[in-house]
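Assembling the complex is the task here: the two chains are given apart, and the hints tell you how they should meet.
Residues per chain, in single letters:
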Amino acid sequence: MRFAENNRISHRQLYRQMILGFLAPFILCMYGAGKLNGINALMGMAMALVPLGFYVILLIRMTPVFENLKKSGGVLVGRLTGLFFIVFILMAGGYILAVLGQLVPVSLITGMSEEWITFWAVLVCMTGIRGGMPGRGRMAQISGGVLLGGMILMMILCIPQGKAEYLHDMAAAWKFSGQEIFEGFYGTICAFSAVGLLPFLLGNVEKYASAGKTVLAGILTLGGILMGMAVLLPAVLGYGRVVQERYPVLPLLDGADLPGNVLARFDVLWMGFLLYSLLFALGSLLHYSRQIAEGAGLGWGKVWTVVIAALIWCIARTGKWILESFGWYLGYIFVPGLLICQIFLFLRSKKRHRKKGVIISGVLICSIMLGGCAGAVEPEKRMYALALGVDASEDGLLVSYGMPDLPESTGQGKEEENGSTRVLAIRGENFTQIEEAYDRSQEKFRDLGHLQVLVLGKPLLEDGRWELVLDYLKQEAFVGEDLYVFQAENASQVLNWQGQDNSSLGEYVTGLIENRMSGRRVHTVTLRQVFYEKYKSHTMPKLPEITVTDSSLEISV
Amino acid sequence: MEQEKKRQPEQEQDNAQDRKISSSLRENEKYLRKRLENCSDILIRPMRLGEQRKVDCLMVYIEVAVSNMMLDDSAIGKMINHFWTVSPEQIREFVQYNSLGIADVKKLSGMEEALSAILTGNAVFFMDGYDRAMKISSKGYPAMGVSEADKEKVLRGSREGFSDSVKSNSALVRKRLRDTRLKVEEYNVGVRSHTLVQILYMEDLVHEELLEEVKERLGEFEIDGILDSGMLEQLTEDAWYSPFPQYQTTERPDRVVQEILNGKVVLLCDNSPEALVLPGNFGSFMESSEDWYHRFEMASFLRMLRYLAVLAATLLPGLYLAVIRFHTQILPGNLILSFAEAREGVPFSSVTELIFLELSFELLREAGVRVPGALGNAIGIVGGLVIGQAAVEANLVSPIVVMIVALTALGSLAVPNEEFAAAFRLLKYVFLVMGGGLGIYGIVLGIYLTAGHLAGLVSFGIPYLMPFVKKTSGTNSGEGIWRLPIRRRIFRPGYAREDQSLRLKRKEQS
Chain U
1 MRFAENNRIS HRQLYRQMIL GFLAPFILCM YGAGKLNGIN ALMGMAMALV PLGFYVILLI
61 RMTPVFENLK KSGGVLVGRL TGLFFIVFIL MAGGYILAVL GQLVPVSLIT GMSEEWITFW
121 AVLVCMTGIR GGMPGRGRMA QISGGVLLGG MILMMILCIP QGKAEYLHDM AAAWKFSGQE
181 IFEGFYGTIC AFSAVGLLPF LLGNVEKYAS AGKTVLAGIL TLGGILMGMA VLLPAVLGYG
241 RVVQERYPVL PLLDGADLPG NVLARFDVLW MGFLLYSLLF ALGSLLHYSR QIAEGAGLGW
301 GKVWTVVIAA LIWCIARTGK WILESFGWYL GYIFVPGLLI CQIFLFLRSK KRHRKKGVII
361 SGVLICSIML GGCAGAVEPE KRMYALALGV DASEDGLLVS YGMPDLPEST GQGKEEENGS
421 TRVLAIRGEN FTQIEEAYDR SQEKFRDLGH LQVLVLGKPL LEDGRWELVL DYLKQEAFVG
481 EDLYVFQAEN ASQVLNWQGQ DNSSLGEYVT GLIENRMSGR RVHTVTLRQV FYEKYKSHTM
541 PKLPEITVTD SSLEISV
Chain F
1 MEQEKKRQPE QEQDNAQDRK ISSSLRENEK YLRKRLENCS DILIRPMRLG EQRKVDCLMV
61 YIEVAVSNMM LDDSAIGKMI NHFWTVSPEQ IREFVQYNSL GIADVKKLSG MEEALSAILT
121 GNAVFFMDGY DRAMKISSKG YPAMGVSEAD KEKVLRGSRE GFSDSVKSNS ALVRKRLRDT
181 RLKVEEYNVG VRSHTLVQIL YMEDLVHEEL LEEVKERLGE FEIDGILDSG MLEQLTEDAW
241 YSPFPQYQTT ERPDRVVQEI LNGKVVLLCD NSPEALVLPG NFGSFMESSE DWYHRFEMAS
301 FLRMLRYLAV LAATLLPGLY LAVIRFHTQI LPGNLILSFA EAREGVPFSS VTELIFLELS
361 FELLREAGVR VPGALGNAIG IVGGLVIGQA AVEANLVSPI VVMIVALTAL GSLAVPNEEF
421 AAAFRLLKYV FLVMGGGLGI YGIVLGIYLT AGHLAGLVSF GIPYLMPFVK KTSGTNSGEG
481 IWRLPIRRRI FRPGYAREDQ SLRLKRKEQS
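Chains as they are written, first to last, in this note's numbering: chain U, 1 to 557; chain F, 1 to 510.
To be clear, the hints were calculated from the coordinates, so they are not data collected in a lab.
It is possible that some hints are incorrect.
Residues of chain U placed beyond 10 Å of chain F at every Cβ, according to the derived structure [said to hold, decoys possible]:
id : residue
1  : L216
2  : G319
3  : W497
4  : N515
5  : T547
A short, non-exhaustive set of chain F residues, derived as facing chain U with CB atoms under 8 Å [unchecked claim]:
id : residue
6  : L235
7  : E237
8  : F326
9  : T328
10 : Q329
11 : G333
12 : A391
13 : A394
14 : L438
15 : I440
16 : Y441
17 : Y448
18 : G452
19 : G456
20 : V469
The beta-carbon is built from N, C-alpha and C at its ideal position, and this holds for glycine as well.
Next comes chain F alone, as it looks inside the complex (with noise of 0.2 Å):
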């Protein structure tokens, strides 16, 4: 019996699923309050307009997004005045055929659909004798504004970043896309949370496959909720056992348009400043926005530069403790004298203290993000130097463990994609491992193990070590370490559609 009541309430949902809105208000009014009971948030506002308030209609919207509904400086409030002069048949006349005479205006027909706008944060018009509701856009949730991108600084390039709204966030990429092959679809995601997902990519640049292949695979799953584009992310990636990250993410609209121009797709998700860039690959997460910006020269200097922060992110602990632990005889003399007397009376062995060194960065690092602001770095300055300073006095750690420690971090620092840095951060791990339990051995077995994963990650059909396993080599984009001069860019990366593969070409001398 308790099931089957249990069941009652989803049997009346799914037939709201394709219930009509009726042209009986009073129908309308109580299936609204009956679905909207004990929401209190939101408004149902009937209204009695026209010269001898003869049409009844109402008004639903949540009160906090549409708190300036009935203003008289806001364009429905100017509606509804004028809708108390004129007769009900000119109302009807105004709303059938001129949209209410707003501009940003969509005609309802679901109850569901309906229920859906006014959840988005837009008030509903119902009018009494008429089998539509009209939605009218307002300001929305409260959000953030645009702020600057935090986590991508630059030195040059905008200082725009995403914000929650993902209108805004599309808005900002259509500022600096002003071009109608820009497409933009809409999909509502989680069947509780409605999270609006939004799909951009250029028309013409975009393989059809791919585009397929993404909309395919965001309607694979039904999931209560989405809160954030990492669990978009998550649930739509290839491989989801690897600590590599599948899809690029973003918070700047400037790398956003550069790689919809390279012929990606962008995935937006509301409440989240983050875009998730699909195809994402090795080189992409290597790539900062402004390496375009600088000159070509400093900003290959500055991509080799990250490259071998990586090497060093990941290797550096390994390879030292192979070398101290067991290839001694390849560093100079006078070097490995000096390791060795550093280490002198420090009570644990060299893979213990670099672990306990490294984690004690790590948490350092975690604190330094969860304290608000100044406060924040504090923790960072003070944690490192006071830590490593009082751990080398007190002999608990040698000094030299403190500088790989340090470099590695740098390295970790230097990646510009953090969900990337941080694959290499766990993968540090391993390699501090297995160079201390097997040495080179063990950092021969390590990259063998991680190469033989990275050759066989997949995003989207696209490998991930793109733009290192290309087959062909006529076709350079830029992409890899040396960034072409802008003048030499004539080509797309691989992932636009063949017949659009020219990016510039010269103008014809008139």
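The following block holds chain U by itself, in its conformation from the complex (with noise of 0.2 Å):
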């Protein structure tokens, strides 16, 4: 009866569980410095997902096993399985969360404490349990759905960002190792170890014992896109640049164009994508912390899940511990752990609301009221700047921001209240203390999120300094990648360089580039370009030069 199947979620919600859950989780934390990179890391992959198959169909078998733990293992065995399946949880969702709180406030919203962000995220994600399994598999159902083609799009868009040749980059660093591949392999294997968890998820699937085909399905998908992933990556950003930064998977979309220009960008919304994704597995850790608690009696679950929530926040605290030991604990004890339970538990089978939402709902708000808008700054109060030039100077550096005329740019004709400055110049040996020489001096935020040229002083690309540029422009988060990059003999002057209908440098040069018929084209550099050498090569590429002569402005390469 319909009515009475409620209950029970179905198979494709198992399935769209299944990608929300895992798939940011995976994509973030399986490529970048020390992670599977490369073509044997590929092969890895693609060989784990067989005996991951395998495995799943153990799983499904197991079910019955799992649905009390201390009856099918005894009381000490179940709760001994019980706390170590928990513990696993406690590990897997602080280093979920602390992958978050890292995210969030580098690439985001910059100025936030870590704390706050991610006593937020769990707060939400016991809230989003409430509905048990069904409320789960549901919202899996809707979002699921929308999150899988969201991404799915989004790596299709930036595919004409892909070059042939940053691709021949990773074959020409190809060599065969079978270490590499074993890597890979085991490596995959320890990124689906949360699959051991889903035994507990199927005691609620109706028609469990048919399931494996979702499963398998859900497990394909994933691989499917990791292993795309694995190719687009150095495709678009170079596989120097890959195997180098932390989390490559970030950048990826900062020189992407969304068809009719409607956004600049949309790399927020990517962000978007991965942050829902994270918090889904966070919610789902949380449940089975729950459903585990109390399959092995160890006591009342909706305390064990504050106590986890709680305990989850305490380890994502930690931060660089969780971050850099989480593996080595995946690999060594918790991935073997988990088999050794589960075969046990095999064998031996084998032989025989409302309070809470309101109390959360109101930390929640007061929480945001405390700790909320650190890094919020209006429109109005930024100052934003469309051209960066950078010179040598006796100093060390002179940076000079170009802005635009807002009165003029924009046509309302409101003029702003403390006038405007159309070049900005500061001095200083490095640029932090440039950074901090604006803030003492200046009342507006610098938002270097519409930067679109980059100007760079000759002298400053003979003697090398240019790493420290594009090092500075690196930890700019907001900075996006399809910024044009030239050089001239002197960058300042090219910046205070005004055109006849004032319009500024970095409007100027983008229209004189982008307005040309193809044939008629200027050649140019973006800063994607630029990383890709620097990642390769630590060189600069060929940059085209800016010069201004009798108030006229000229590119030439």
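Here you go:
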């Protein structure tokens, strides 16, 4: 009967839960410095999908054993197994939360403390488990498809940014290595270790015995996306950069365009999708902890959820420790441990609302009031630099920020409160000093999110300090990678140039480049290409030059 | 002592619960006069009928509800005139065997039943020597007639809307569903108001469990009075704390019929022009009755627009704040420069500015609803134009914020169900605070919370997010965003019994 059946989730809901819970953690954490990169890792990944398929079939058969750990394993063994799973959940949850706590303040909202961000995440995830497994199933069904579709669409939009020569680099760096293939293989198995929690989920799935195809489809979808991403990342960013960045997935969308130019960039949406998936993964772990605690007779599940949420938050606060050591724990303790527990239980079995929601919502709202808005800056309180010029000077560096004339650019004719400055030049030994000098002297927030042009002085290019500039831009999370890079004798002089229609350098140069038919296009170099060369060979590509002669501006290769 | 005195009337009341109508008219009259003491709106009329005026009778009724009782042109009037000319034996025979010769008459045996009939607006006729009373239906209480459905206007389809009278409302449904399988069950709810509540359903389509559950919930509480279907809704819904309505409300009989044919149950409550349709779900709140009268392409397009409207009504202010306060990089350069220039000189933060304007709009809306007729419309227009324009000119708000608030308002007005739109109007403030405080991170947290809440909601065992969380994809009934062509709408939605899931079949040609 349909009315009673609603307590169990459908196969479609199971599939989407897998996608939602795994996608972001995998995409974020499997690639980058010291992780699974290159062709060997790709081969290892593909090979790992085969045993994972068999493992899933075994897990389906073991589902009844996991419905009541105490009953199937005995009081002591059942409780110990339950505790082991809970420790795994604690560590995995702590890791995911630490990743989230690291990403948000750096890539989305600067100036907000990591503690608050992780606190809100845990709080929200706790409320998300209110509807039990049917609720989580429905949540996955409505949002899983959107997330999967959105992420695949974004990956497709990235394809035009890819370059065949970048992929050649990956091929050139390849040398057959059994050890690397095994590392890719075992790394993928470790990443999928949370599949070990599947028996706790399958108990709530209708006709779970026939859920094998669904779970396999989930694993294959995830595997396909992972392998696709393993090719896309080096194709877009360059192999050298992928193996050196911590989270190479984050800048993937920095240079992608949306058809119709509705949005200048949509990396924020990409981040939004990733965050939602991370929250779902965390919520799922909290849900399982409650289910496991109840199944293993460890006491009242609701209390466990709160305790585990608090512990996860504490673990995430340690930050670096969990981020660096979770991989080790996973490879050497949890994956073998989970397998031993499952095999043991399998063999042994062969022998035989309301108030909480209101309180949590209250706490959430109060905490947002207390901790929120730290990184918010009103649009009129920002200094939108459209062009950035860097010269070598006697003191070290001379940085010039080129801003638009707002009343002129927007045509609204409102005068700025304290008048407007077209070019702001600051000297300093390095960028830290320059930033400090800016903070001391300027009232407006420096917004480099709309930077269109970067002009580097020739002396800077010759003495090799251009790498400092790139390092500085790398740490500025909001700088897009599709900005044009030029060289000039004197970058500051170029920035002070003013067009006949009072347009700023950034607007003028962008127009000059983009408003030409393809045959007459000026040769350009983007920041992404510069990064590619830097990570590949620590060299600067040949930059087009900007010259100012008799109040006219020219670009030459 | 005082407490005992208080208890006495309560005990008398209890005894009255099972008091039978006596064959002695004097006894009945004495009891009625005591119970109806100081009820000057209720008339107790003793009469002597028959050839020699030997038969003592009593007619009890509410003055206004049965004002024309004694007129010659009414059925009762004719009956009484007739009784003056016949013998007492013939009168008794008429009463006992022919139900007074009037069509709409019911025999009553208990005093409480009789009183209830009187209070419902009927006349009750007692006769000496007969231990039954006769309930004679009359025009009932004064009520508004059938009028146009104001809240659910359509371009195509019936103009009729429900009125305050539950009997008229069920008649409007029956007018459209002339089938004996349409059942109308009546209940009295409210220990003092005795509000008449009707349960309407299609006997062979409805799930029995659902029907049982509805009846059970109606009997679960004891309240002094039910004044509107809204009270009934809040008392019987699953999650009282949720801002989302769990019953669909409508004042359109054709909409009610559509849902009954889908296998749903409808509750009609006296003195309320709003019918409650249950179980309620996301898809049905986004549907308008004319969706099935328009061509499918246009109807699908309009549905899509409504879903976009929901997103705009909920997320737009929050997203605007998130973008201009945290993620300016995602907007094209010229646009963000324009936003920045527009905000130049505005003394408030963008969050305050937006909340101020949103609340102003809510005030205008509330004032427009309370003020009668054309003046209400004028308030909306004048308020929107004058306040918006004046606020921009005074540099209190920036023009872009006026646009955001206007788009948000349009979004919430495009949602067909007012209660459902109201939930999103409230949520908008949550997103506004979260987007303004935490940027996209806050918006993602908010979406996660909302999705979690909606996924956990059920209405009478049916997930609230239906039809988007359907377990099977084979039987598309056209409830989602895409409205099926009528010819392809072969199946009923999952609310109907499985054996009755077929809605449309082609007749075999002879």
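Each hint, compared with the structure:
Every C-beta of chain F lies more than 10 Å from that of U:L216, the closest at about 19 Å, which supports listing it as non-interface. Its beta-carbon lying about 18 Å from the closest one in chain F, U:G319 satisfies the requirement of being farther than 10 Å from that chain. Every C-beta of chain F lies more than 10 Å from that of U:W497, the closest at about 18 Å, which supports listing it as non-interface. Taking the minimum C-beta to C-beta distance to chain F, about 14 Å, the non-interface status of U:N515 holds against the 10 Å cut.
Residue placement check: U:T547 keeps its beta carbon more than 10 Å from all beta carbons of chain F (closest about 25 Å). Hint status for F:L235: violated, given a least beta-carbon distance of 16 Å to chain U, over 8 Å. About 13 Å separates the beta-carbon of F:E237 from the nearest beta-carbon of chain U, more than 8 Å, and the hint is not met. Satisfaction of the interface hint for F:F326 is found here, the shortest Cβ-Cβ separation to chain U being roughly 5 Å, below the 8 Å cut-off.
Taking 8 Å as the C-beta cut-off, the interface hint given for F:T328 holds, the closest approach to chain U being about 5 Å. Using the Cβ-Cβ criterion of 8 Å, the hint placing F:Q329 at the interface with chain U is satisfied: the shortest such distance is roughly 3 Å. Among the interface hints, the one on F:G333 holds; its C-beta lies about 5 Å from the nearest C-beta in chain U, closer than the 8 Å criterion. At its closest, the beta carbon of F:A391 sits 15 Å from a beta carbon of chain U; the interface hint therefore is violated under the 8 Å criterion.
Here the hint on F:A394 is broken, as its CB sits about 14 Å from the closest CB of chain U, past 8 Å. Interface restraint check for F:L438: the shortest CB-CB distance to chain U comes to about 6 Å, inside 8 Å, so the restraint holds. Taken as an interface hint, F:I440 checks out: its beta carbon lies about 5 Å from the nearest beta carbon of chain U, inside 8 Å. Because the smallest distance between the Cβ of F:Y441 and any Cβ of chain U comes to about 5 Å, under 8 Å, the interface hint for this residue holds.
For F:Y448, the shortest C-beta to C-beta distance to chain U is roughly 5 Å, which falls under 8 Å, so the interface hint holds. Using the Cβ-Cβ criterion of 8 Å, the hint placing F:G452 at the interface with chain U is satisfied: the shortest such distance is roughly 4 Å. Taking 8 Å as the C-beta cut-off, the interface hint given for F:G456 holds, the closest approach to chain U being about 3 Å. Hint status for F:V469: holds, given a least beta-carbon distance of 4 Å to chain U, under 8 Å.
Consistency with the previously given hints fails for numbers 6, 7, 12 and 13, ordered from lowest to highest.
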